[in-house]
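Chemist: So you can see what is in the structure, the chains are spelled out below.
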Amino acid sequence: MKYVLMFTSRPDLNASVDPELGQAVYKKVYEWFQENGDKFADSGAELLGVETATTIKHGDDGPVVVDGPFNEAKEVVGGFSVIDVPDMDAAVALVKTWPHLELPGVAVEIRPMVEDYSQFA
Amino acid sequence: MTPSQQVDGLLARTLREESGLLVARLARQFHDFDLAEEAVQTAVTEALEAWRRDGPPNNPAAWLSTAARHNALDLVRRRSRQTALAMRLAPTPEPVEATYDAPDGPTDRGSTDDRLALLFACCHPALAPEARLALTLRAVVGMTTPQIARAFLVNERTLAQRIVRAKRKIVTTGIALSVPADEVLAERLADVLAVVALMYNEGFVSSDGGTQDRDLAGDAVWLAGVVATSLPREAEAWGLAALLTFQHARAAARFSDAGDLVLLPDQDRSRWDQAAIATGEQMLERAAALHSPGPFQLRAAIAACHATSPSWAETDWLQIVTLFEVLTRYDPSPVVRLNRAVAMSQIGHHEVEPSLDAVDQLADRLDGYHLFHATRAELLTRLGRDDEAAAANARALALTTNEAERRLLTTRLHRRPLEDGS
Numbered sequence: 002m003k004y005v006l007m008f009t010s011r012p013d014l015n016a017s018v019d020p021e022l023g024q025a026v027y028k029k030v031y032e033w034f035q036e037n038g039d040k041f042a043d044s045g046a047e048l049l050g051v052e053t054a055t056t057i058k059h060g061d062d063g064p065v066v067v068d069g070p071f072n073e074a075k076e077v078v079g080g081f082s083v084i085d086v087p088d089m090d091a092a093v094a095l096v097k098t099w100p101h102l103e104l105p106g107v108a109v110e111i112r113p114m115v116e117d118y119s120q121f122a
Numbered sequence: 039m040t041p042s043q044q045v046d047g048l049l050a051r052t053l054r055e056e057s058g059l060l061v062a063r064l065a066r067q068f069h070d071f072d073l074a075e076e077a078v079q080t081a082v083t084e085a086l087e088a089w090r091r092d093g094p095p096n097n098p099a100a101w102l103s104t105a106a107r108h109n110a111l112d113l114v115r116r117r118s119r120q121t122a123l124a125m126r127l128a129p130t131p132e133p134v135e136a137t138y139d140a141p142d143g144p145t146d147r148g149s150t151d152d153r154l155a156l157l158f159a160c161c162h163p164a165l166a167p168e169a170r171l172a173l174t175l176r177a178v179v180g181m182t183t184p185q186i187a188r189a190f191l192v193n194e195r196t197l198a199q200r201i202v203r204a205k206r207k208i209v210t211t212g213i214a215l216s217v218p219a220d221e222v223l224a225e226r227l228a229d230v231l232a233v234v235a236l237m238y239n240e241g242f243v244s245s246d247g248g249t250q251d252r253d254l255a256g257d258a259v260w261l262a263g264v265v266a267t268s269l270p271r272e273a274e275a276w277g278l279a280a281l282l283t284f285q286h287a288r289a290a291a292r293f294s295d296a297g298d299l300v301l302l303p304d305q306d307r308s309r310w311d312q313a314a315i316a317t318g319e320q321m322l323e324r325a326a327a328l329h330s331p332g333p334f335q336l337r338a339a340i341a342a343c344h345a346t347s348p349s350w351a352e353t354d355w356l357q358i359v360t361l362f363e364v365l366t367r368y369d370p371s372p373v374v375r376l377n378r379a380v381a382m383s384q385i386g387h388h389e390v391e392p393s394l395d396a397v398d399q400l401a402d403r404l405d406g407y408h409l410f411h412a413t414r415a416e417l418l419t420r421l422g423r424d425d426e427a428a429a430a431n432a433r434a435l436a437l438t439t440n441e442a443e444r445r446l447l448t449t450r451l452h453r454r455p456l457e458d459g460s
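Taken in order, these protein sequences are the chains called A and B. Following our numbering, the numbering of the first sequence begins with 2 at its first residue and continues without gaps. Following our numbering, the numbering of the second sequence begins with 39 at its first residue and continues without gaps.
Calculated directly from the structure, the hints in this document are not laboratory data. Just so it is clear, CB atoms sit at the ideal spot from N, CA and C, and this is done for glycine as well. Warning: the hint list may mix true and false statements.
Straight-line alpha carbon distances no greater than 20 Å define the calculated SDA-like cross-link-like pairs of lysine to any residue that follow [stated by the list, open to error]:
1) A:Lys97 to B:Leu223
2) A:Lys3 to A:Pro105
3) A:Lys97 to B:Leu302
4) A:Lys97 to A:Asp43
5) A:Lys40 to B:Thr211
6) A:Lys97 to B:Phe190
7) A:Lys3 to B:Glu225
8) B:Lys207 to A:Ala91
9) A:Lys97 to B:Glu225
10) B:Lys207 to A:Pro87
11) A:Lys40 to B:Gly212
12) B:Lys207 to A:Asp43
Some chain B residues flagged as far from chain A (calculated, every beta-carbon gap over 12 Å) [as the list claims (entries may be wrong)]:
13) Arg90
14) Ala159
15) Arg188
16) Leu191
17) Thr211
18) Leu215
19) Glu221
20) Thr346
21) Ala351
22) Leu356
23) Asp424
Please construct the entire structure, taking both the sequences and the accompanying hints into account.
Modeler: Below is the structure:
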């Protein structure tokens, strides 16, 4: 099954992270992608900071362009990947080894991808 | 026991024995857990109606299996053309007509694994905690949504919604109907055992104390036994099975004929089920032989101390305090520390005051818990501080919602220290 992983973090907590730990974790990320290469359908992308986000919203008089992310949450999406693994347990097991989870405020959302469009027929 | 209660008893046993197996088997045959669960649930409802009306059939298991399979095929027919087409590519299901004389063999090893796999899926950590027990009761134990709603005093529609959402999540997110791989088994098993323990707790004193048409506590004891025998190398599974078996062995003594709750010190120990206690001890020995201690085994060992003691006074309190001490390493929760203090106070009168101090330290976290105040009342009474004891009892009374517990506390308010036996 294919799942999209959404990697999120809390930028407001970044200052509290020991820079050396941050550096070490960052190095592990590269290895993590190498080790798990066979599980990725699409290694996705890492995104620039949330301060670069622009959002287009519904407006009564047509789409409105606004500065900032789509919601006001403290958690921001920092990247995404698509994995292809047998089941949810395999997805959970993989995500639990995501190196960034050593850092406070980090969370990864797992969402199954729609693969069978017949359910909408 | 009236004839209709006898039918209900047989019905309940058949349903809990067969429902989970049927759901697992149909889910595999039809490649559709949601459909299988729906088909069995409808069959359970049909059985409740038909058996109460006409009496139970010769072979209840075969009756249920036939009904469930009919329902499943019916559901398939009603679903979209695409689904029907996909079904034709699936392996041909077994013949629909089950004979009434030659039922499907009951629990062979393979089918027990099926039920276990289903249980693991229903208790998956990706499901909302409050949905896990509800779904387990429906899919694995064969309770109907109205029965579950009554047992938990929740709105039936809300509960049904919760179950539908959880079932859909199992299907759409790819939660496998399988026993987890060895690397994650221990972790996933802990979630399963937590659900079974919760099931017993809810059944032991339902929050309105009312009677129910399913024996939830008995079903939980049974399910804990199923898990332990299916995973015989898992010490904590045996620990939970032993714990619930000991607790349930005292069920007959837990309420007086008038329906009042009777606490352990005052229970008539001749009403305890000695055969069940012996079973509990065997289960605990099986757990101990695996040399992998854990919180359920420790709780079971504490329960064993009580179950095998001839009286409250002769209980091995030192042993119990020691066990609680080890338990706090696994579970440092205030409730465990409260129980440890209670055991401490039993060692001798000189321990009552230090125990009360230990209890008072938990005030911040347990102020909303009626047993915290009931325990304080008990200890204050033993110290002769009757006015404070009465105030603590009043607090406890204000906090309890269970009718039987409320009555118990009402009588306590009028109890005299010399008469309470403590």
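Chemist: Tell me if the straight-line CA distance from A:Lys97 to B:Leu223 falls inside 20 Å.
Modeler: 15 Å, holds
Chemist: Does the structure keep A:Lys3 and A:Pro105 at a Cα separation of 20 Å or less?
Modeler: Violated - the C-alpha atoms of A:Pro105 and A:Lys3 are around 27 Å apart, more than 20 Å.
Chemist: Confirm or reject the statement that B:Arg188 sits farther than 12 Å, beta carbon to beta carbon, from all of chain A.
Modeler: Since the minimum Cβ distance to chain A is about 32 Å, B:Arg188 lies beyond 12 Å and the statement holds.
Chemist: Mind verifying the non-interface call on B:Leu215? Its CB should be farther than 12 Å from each CB in chain A.
Modeler: B:Leu215 is in fact no farther than 12 Å from some Cβ atom of chain A, at 9 Å.
Chemist: Taking the shortest Cβ-to-Cβ distance between B:Ala351 and chain A, state whether it exceeds 12 Å.
Modeler: Per Cβ check, B:Ala351 is outside 12 Å of chain A; nearest 50 Å; holds.
Chemist: Given the hint that B:Lys207 pairs with A:Ala91, test it: the Cα-Cα distance must not exceed 20 Å.
Modeler: 16 Å, holds
Chemist: Take the C-alpha atoms of A:Lys97 and B:Glu225, compute the straight-line distance between them, and say whether it is at most 20 Å.
Modeler: The given pair, whose Cα atoms are some 13 Å apart, holds under the 20 Å limit.
Chemist: With the threshold set at 20 Å, check whether the alpha-carbon distance from A:Lys3 to B:Glu225 stays at or below it.
Modeler: At roughly 24 Å apart (the allowed maximum being 20 Å), B:Glu225 and A:Lys3 break the hint.
Chemist: Confirm or reject the statement that B:Ala159 sits farther than 12 Å, beta carbon to beta carbon, from all of chain A.
Modeler: 9 Å, violated
Chemist: Tell me if the straight-line CA distance from A:Lys97 to B:Leu302 falls inside 20 Å.
Modeler: 44 Å, violated
Chemist: Given the hint that A:Lys97 pairs with A:Asp43, test it: the Cα-Cα distance must not exceed 20 Å.
Modeler: 19 Å, holds
Chemist: Does B:Leu191 really sit off the interface, with its C-beta more than 12 Å from all C-beta atoms of chain A?
Modeler: At about 32 Å from chain A, B:Leu191 clears the 12 Å cut-off, so the statement holds.
Comparing the model with each numbered hint stated earlier shows that hints 2, 3, 6, 7, 12, 14, 17, 18 and 19 do not hold.
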